[in-house]
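Visitor: Given next are the chains, with one letter for each unit.
There are 2 protein chains.
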Amino acid sequence: MSAERIYLDHAAGGALLPAVQKEMLRYLVGNQASPGGGHREGREAREELEKARQRVATFLGAKDVEGVIFTSGGTEAVQSAIRGWGEAVQKGTIYVSEMEHPAVESAVRTLGKKGFTLVRVSVDVEGRLKWGEVKVEKDKGLVCVHLAHHDLGTVQKIAEARKFADRVGAKLFVDATYSAGWVSFSVEESGADLVALSGHRLGGPKGSGALWIRSGTAWAAWLEGGRQEGDRRAGTENLPAIVGLGVAVEEWGKKGEAFRKEAGGAQKLFWHGVQKKVGIAKLHGAPLGVERNPAHLAVSFAGLEAEALALVLDRVGLAVRGGSGCVTREMRVPPGMKAIGATAEEARALILFTLGWNCGEEWTGEAADRVAQGVKRLTEALSA
Amino acid sequence: MSAERIYLDHAAGGALLPAVQKEMLRYLVGNQASPGGGHREGREAREELEKARQRVATFLGAKDVEGVIFTSGGTEAVQSAIRGWGEAVQKGTIYVSEMEHPAVESAVRTLGKKGFTLVRVSVDVEGRLKWGEVKVEKDKGLVCVHLAHHDLGTVQKIAEARKFADRVGAKLFVDATYSAGWVSFSVEESGADLVALSGHRLGGPKGSGALWIRSGTAWAAWLEGGRQEGDRRAGTENLPAIVGLGVAVEEWGKKGEAFRKEAGGAQKLFWHGVQKKVGIAKLHGAPLGVERNPAHLAVSFAGLEAEALALVLDRVGLAVRGGSGCVTREMRVPPGMKAIGATAEEARALILFTLGWNCGEEWTGEAADRVAQGVKRLTEALSA
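For the record, the sequence lines run as chains A and B. Each residue of the first sequence is one higher than the one before, starting from 1 at the first, in the working numbering. Each residue of the second sequence is one higher than the one before, starting from 1 at the first, in the working numbering.
Any given hint could be a false lead.
Unchecked claim - With a cut-off of at most 30 Å between alpha-carbon atoms, the simulated BS3-like pairs for lysine-lysine come out as follows:
1) A/K268 x A/K376
2) B/K22 x A/K51
3) B/K276 x A/K91
4) A/K255 x A/K51
5) B/K114 x A/K91
6) A/K63 x A/K135
7) B/K277 x A/K114
8) A/K113 x B/K138
9) B/K254 x B/K51
10) B/K157 x B/K138
11) B/K130 x B/K51
12) B/K276 x A/K113
13) B/K135 x A/K113
14) B/K91 x B/K138
15) A/K91 x B/K338
16) B/K157 x A/K138
17) B/K114 x A/K140
18) B/K114 x A/K114
19) A/K114 x A/K130
20) A/K114 x B/K130
21) A/K140 x B/K130
22) B/K276 x B/K254
23) A/K140 x B/K22
24) B/K22 x B/K157
25) B/K254 x B/K130
26) A/K130 x A/K113
27) B/K91 x B/K114
28) B/K113 x A/K138
29) A/K22 x B/K157
30) A/K376 x A/K282
31) B/K268 x A/K91
32) B/K140 x A/K114
33) B/K51 x B/K91
34) A/K22 x B/K276
35) A/K114 x A/K51
36) A/K130 x A/K157
37) B/K51 x A/K113
38) B/K254 x B/K282
39) B/K138 x A/K114
40) B/K338 x A/K113
These are computed hints drawn from the structure, not numbers from a lab.
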């Protein structure tokens, strides 16, 4: 067995794209002037900022470049989108599943405590949102949908969410933090009103993210203070990260198709290897193909505890995520697994394997062997 | 005249300390794993995170390392401190001046709209807060004070603010985003309950900041979602920035005395030069010395408009800030200038000259010449 480690937790953090790295290294040795200054250094910084804004708008398929607001990451973009809408409308109804990422779930709960009505959208056994069965309220509404699920990998049909939103006269928020780039998306085609983006999931820098808001959408700034970002997001602009995000999304524009194809190929090889070698392995969420994020596998190993298995896999040189990709204190069972009706045993045994832009596929056989070895070791340890 | 530009807008953005730059360049070429993962890469990231936390606690003179929460910058730290306190206590009184930074002012106004009582603290002609004259309310209170003023440069006596807070049974929030490092401060000595810090003002990276909370202080997390930072600040940790902030504050521990001495010397030389060459120049805030941030000069040129003068100075190779360092839409006159009773003419003509760790003093004579030249040019243009 090769001693080289295999890292399959890219959704939590992965290497910067080479072009991003290069640009950030260039930027960090510069003068770090802020775009706000009325001097040459400030004007140059302003140009960098607006160039990045244009790049993000292009990536999102958005005509309105000014709709882009830079944030400190995906969580802030999500919180700012939902709570900013809530602040602006003061009361209304939020249509949302019970398996959203904690950033979404905590924002809608906070609004729920402030008097908003929460209408839950149910899902099928592979995690697809069922818009046909949703109860309709009459007041101002916000439909919250994710582009692909963070724990299940299932891609949602945004067009159906938009159709539902139109039917109830609601705005549409798309949480694209987990799967932008990996899954085809355009704000104009989808008709989204609010979109959240995370930079680091695109091979961009940590601490970068964006919120896109359709002009005319009721929304109030969430992070208040200075006048940066057109009074919509206060605080000195994190220009090195913003510049990095701009380069990252531009890279996806050029190479996204190749990234998706490569990840999808590796995903298939790896899953088939695991499936063949580990009898108890079970894939959750949508099957491989267009309905699944090509960089994501959610596999349960019923009878084993996810955290323990992740630790054993780490020992055999495979870095993975045991349990949900992101949990709150109360979420002992990944909400996605509960929502699709997985058994308690399966839900406790969920391992996420997430790929990045730099995975290739030469590791897939070895990684499947390591999974088999880890499962065997833990099973033996428990039976001893 | 030398063609080389002189940059005196460091408070808005300045070069990284060499050690910070080196560390960030090292970090950005790494695997970018997140501290949350239960694998080797995640544990190594966790170690980096906690090392930085320890460094920030040491810099702040805080015994409780766990009191440190990393944020996306000074504005988020300020907003999170004040609004998090507000969320936890639900009603109460905030004691605050009318010349705070917009991050503070907007947070207290937001709480004011939610039913909190705002009691305004007046200031003397050099910008010192007058705690003896403040009206006292009986409910739960928060005293908001800045370490040194962002537009006036005046250092506040935090001990007096603490004494007042004790008298009224209030918690003490110290906004140290503008002058930490440049002005002596320790959370234990000052008895602060909440402290906000900005990384980029310390030669650290943009997008880095910290909030320190004394254990037992009523406070609720502001940015919700995942469980990062002990459920106190959700979102994937921006580890490159956090690591950079850690190195920055460690550098200040080693070299802070030298930075302060060098900036103070340059401040004196430059101001004396300007004073000598430009008759209309008037220093605002505290006089040079221990009551003034050594990296800050607030000078009015009555009769001229600050923005216009800043543009002319830019043309003669001097990058400065015209008007307040940070304004909101409604603050056409810098609130600090209004609070100290400056004339409208002076308030409209305020130029900020802010120094950084890398200024040296060889530029001071040339910079004073350029100020004189800029003032002359603009005066002539207006009289023509």
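Visitor: When the structure is checked against the list of hints, which entries are broken? Sort them ascending.
Guide: 3, 6, 7, 11, 12, 13, 15, 16, 20, 21, 22, 23, 24, 25, 29, 31, 33, 34, 35, 37, 38, 40
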